[in-house]
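**Student:** Sequence:
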Amino acid sequence: MKKTIIYLFFILIPIANNARVSLIDAVKVDNNDIYTILNLTEAGLSKDVFLLAIKGLNKLESDGKLSNPNIITIADYSQSSNKKRLYVIDLINKKLLFNTYVAHGRNTGDEYAKFFSNQEGSSKSSLGFYITEKPITGSHTGYSLTIKGVEKGFNDNAIKRAIIIHAAAYATENFNESPRRKRTGYH
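Residues 1197 to 1383 in this note's numbering are what the sequence shown spells out, letter by letter.
Treat the hints with care, as some may be off.
[Stated by the list, open to error] Label-pair ranges, simulated between beta-carbon atoms:
1. 1291 <-> 1263: 15 to 23 Å
2. 1233 <-> 1274: 17 to 25 Å
3. 1293 <-> 1255: 17 to 25 Å
4. 1235 <-> 1335: 37 to 45 Å
5. 1229 <-> 1356: 36 to 44 Å
6. 1341 <-> 1311: 19 to 27 Å
7. 1349 <-> 1302: 15 to 23 Å
8. 1294 <-> 1333: 18 to 26 Å
9. 1329 <-> 1294: 17 to 25 Å
10. 1235 <-> 1317: 34 to 42 Å
11. 1237 <-> 1278: 14 to 22 Å
12. 1331 <-> 1352: 16 to 24 Å
[Said to hold, decoys possible] Each computed DSS-like pair below joins lysine-lysine, with the alpha-carbon atoms no more than 27 Å apart:
13. 1290 <-> 1251
14. 1261 <-> 1243
15. 1279 <-> 1291
16. 1280 <-> 1330
Please keep in mind that the hints were generated in silico from the structure rather than gathered at the bench. Beta carbons: idealized from backbone N, C-alpha and C, even for Gly.
Work out the full structure: start from the sequences and follow the hints.
**Tutor:** Have a look at this one:
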């Protein structure tokens, strides 16, 4: 079961300076209702992926690893990179904040992410749950977020590998429609 969770998506969970609100206490609506309220089927996110992400979020919160479990980001790598497969969801206010494109690692595959690694130098994406860390400004990437992998053997080398979340021209609708586009799995 754990391998299925890891294969389908990676999760980013913010550590923000917002007041801590227990997700279990604050979200009184059933997760199935949140999925329906946000119309995530139409946005392209499968219910199974959403529910697995919520299950993981609740586990990280119950383990005391989160300071702000209210926002969850799901990158569903089972989808084509030509689809908007990144979902940023505010669980407390029940809002889909963003639904956009996301690239995968250079050696992960072309249109579909197929090959994953936790090894330095692989240029492949890693799967599993991540917690966002401090923002940085990269010379090539601009404003970015560092991410910490929390699954030993799957993504716990994310900081060593300098994996970050950042904007990129190759992860946009215009680039995806470009005739020169080969894949969004670029960086």
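**Student:** All hints, please: hold or fail.
**Tutor:** How the hints compare with the structure:
1. 1291 <-> 1263: 15 to 23 Å: 20 Å, holds
2. 1233 <-> 1274: 17 to 25 Å: With a Cβ separation near 23 Å, residue 1233 and residue 1274 satisfy 17 to 25 Å, so the hint holds.
3. 1293 <-> 1255: 17 to 25 Å: Distance hint for residue 1293, residue 1255 holds at roughly 23 Å.
4. 1235 <-> 1335: 37 to 45 Å: 39 Å Cβ-Cβ, so the 37 to 45 Å window holds.
5. 1229 <-> 1356: 36 to 44 Å: 40 Å, holds
6. 1341 <-> 1311: 19 to 27 Å: 24 Å, holds
7. 1349 <-> 1302: 15 to 23 Å: 21 Å, holds
8. 1294 <-> 1333: 18 to 26 Å: Between residue 1294 and residue 1333, where Cβ atoms are some 21 Å apart, the hint holds.
9. 1329 <-> 1294: 17 to 25 Å: 19 Å, holds
10. 1235 <-> 1317: 34 to 42 Å: Cβ of residue 1235 to Cβ of residue 1317: about 41 Å, so the range 34 to 42 Å holds.
11. 1237 <-> 1278: 14 to 22 Å: 19 Å, holds
12. 1331 <-> 1352: 16 to 24 Å: 21 Å Cβ-Cβ, so the 16 to 24 Å window holds.
13. 1290 <-> 1251: With Cα atoms ~17 Å apart, residue 1290 and residue 1251 stay inside 27 Å; holds.
14. 1261 <-> 1243: 25 Å, holds
15. 1279 <-> 1291: 20 Å, holds
16. 1280 <-> 1330: 25 Å, holds
In summary, the structure agrees with every hint in the numbered list given earlier.
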